[in-house]
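Order-wise, the sequence lines are chains F and D.
So for the first sequence, the numbering used here puts the first residue at 1; every next one is plus one.
So for the second sequence, the numbering used here puts the first residue at 1; every next one is plus one.
Since the hints were made in silico from the structure, they are not lab data.
The model shown is predicted, which means the values in this text are computed figures rather than measured ones.
Do not take every clue at face value.
Residues from chain F shown here face chain D by an in silico Cβ test under 7 Å; the list is partial [to be verified]:
no.	residue
1	L6
2	V7
3	R107
4	F108
5	D110
6	T114
7	D270
Ideal placement from N, C-alpha and C gives every residue a C-beta, glycine not left out.
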Amino acid sequence: MIRATLVLASHSFRRIRAIAVAIAVVLAGFQFLLTQVAVVLERDQAFGALSSLVPDFMRSIAGPSMVAFMSFGGIVALGYFHPIVLASLLGLGIAIATEPAAEIESRFDDLTLTRPVPRGAVIARSVILLVAIVGSILVLMAAATFTGLACCTPSTVQRPPVALFRALAISLGAIVWCWGALALAAAAAVRRRAVAGSLAGVGALAGFLLDYLGRVWDPISRISRLSPFHYFEPMPLVAGSPLDVRNVGILFTVGVFGVVAAYVIFDRRDL
Amino acid sequence: MPDIPAIRIDHLSKRYGRLTAVRDLTFDVRPSEIFGFLGVNGAGKTTTIRILLDLVRPSSGRAAIFGDDCQACSLAARARVGYLPGEPGFYGDMTGESTLDLLGRIGGTRVDPARRRALLDRLEFHAGDLRRRMREYSTGMKRKLGIVSAFQADPPLLILDEPTEGLDPLMQEAFYDLVVDARRRGRTIFMSSHVLPEVERVCDRIGLLRGGELVLRATVPEVRALAGRRVIVRFTADVAPPRLPPGCELLDSGPRLWDLRVRGSLGPITGLLASLPVDDLDVQVPHLEEILRTYYASETRA
Chain F
1 MIRATLVLAS HSFRRIRAIA VAIAVVLAGF QFLLTQVAVV LERDQAFGAL SSLVPDFMRS
61 IAGPSMVAFM SFGGIVALGY FHPIVLASLL GLGIAIATEP AAEIESRFDD LTLTRPVPRG
121 AVIARSVILL VAIVGSILVL MAAATFTGLA CCTPSTVQRP PVALFRALAI SLGAIVWCWG
181 ALALAAAAAV RRRAVAGSLA GVGALAGFLL DYLGRVWDPI SRISRLSPFH YFEPMPLVAG
241 SPLDVRNVGI LFTVGVFGVV AAYVIFDRRD L
Chain D
1 MPDIPAIRID HLSKRYGRLT AVRDLTFDVR PSEIFGFLGV NGAGKTTTIR ILLDLVRPSS
61 GRAAIFGDDC QACSLAARAR VGYLPGEPGF YGDMTGESTL DLLGRIGGTR VDPARRRALL
121 DRLEFHAGDL RRRMREYSTG MKRKLGIVSA FQADPPLLIL DEPTEGLDPL MQEAFYDLVV
181 DARRRGRTIF MSSHVLPEVE RVCDRIGLLR GGELVLRATV PEVRALAGRR VIVRFTADVA
241 PPRLPPGCEL LDSGPRLWDL RVRGSLGPIT GLLASLPVDD LDVQVPHLEE ILRTYYASET
301 RA
């Protein structure tokens, strides 16, 4: 099982490495540039002016975290929760996780799973790639953040603590893990990658919007707990709160359920 | 291991909702034989093959490869199989060489480079072709690469789904040589095919599927015997219509001609002819194709 998993993982990594490296470079570069933007805003004392541009209703919705966001640390941390960054990593996670469906669709499984390869190796391969690639990108983003801070932070500014970026990276990694695992469960059940990707993608979009509505409209705030994004809360971290281990635990657990479901479904189905 | 069949299929059925793809299938494939698995499209051939390879789970019954249950001991069963799919799902961005390497590595059995080279040579696959991406391959080249991937680990059982589809006549010959050579070395070949002359030429036994059921299982000579031989007799003088012995059927007759179908021995009919003024005797052995066409035609009517 281990040998087959590693052979499959190596094969799949070669196929996806170009897009993974491209996303890693773009996101790490974005993170580095954010540190430079924060330096410029700090030098120009522009955070106050920037904050005044935000409408009152937005302030009331965002609460104290808005103040925290309009700060040196808040701008530097933006890359860990910006919707585009989130969408890029979720898209990559879903692409990695839906490979089992792609292999059924292309009949590549007819070549690999007719050898003495357990079906679980296909799921294990996708989990390994999901964790390794997304984890590596988060490490690169953190490295770019620290590099930007180390080289350019003005002496008048207190550098945001390492723990903040660790907490943000864990939080971002947890939400990508959760949706990646759900996409894997979908990919284990269908015959076409487009179907699995659409299910996961539309699910993530619906979850994101549900969480957003839950935050601004009380009547559905309880329902919004069903969305994994409800447990992805970077703003309190930026405001100085510690990482909510319960939130991370819920996302991790949902992801584990997704992987177990994928394993069971893929093991029992007809290919 | 001589008593253990290479393939044992025991009351195997597969249902997809209300559709029954395979119905109560039972047969064995003996070690070191070439078994032709025939049937029209949708007869259940590929479903049966996919059950053997544990890609599809049976609704009831069981299948085993060299005694290992195809579902319960699936890895052990598949470790003895080389498989050529009907439509190999090669990735177009991989080279032929990296594809063969991947499929060799993932199988866990060591592939002898000299054996692979010999296979490639027999199928006239050049080193330059191996380094090209598979999106540049023709259908025939993909088929040849699939054949090499199935044969390269020299497994005891080869399961080949429509193996000569897309091959030119020269390569078909090379493939037949490979199959016969594999049998000579004790390998078992289980192949599905639509090409009846090919089945007649290389197979020891055949199984014919119709509507998911096995309607015929016999050696090629037995199948021919089932259909009977056609015997055309010409006489030098007019003869009366015959009173035929059992097993003989008069298809057509004239004053100096009998057109007969004879099932079984020719002894009784030669005895009858001994006293008649026979000018010429033509005994025609039927081709498998003609016989199986009648089975296919009856399915179409059904």
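Hints, verified against the model:
no.	hint	in the structure
1	L6	10 Å, violated
2	V7	5 Å, holds
3	R107	3 Å, holds
4	F108	4 Å, holds
5	D110	4 Å, holds
6	T114	4 Å, holds
7	D270	4 Å, holds
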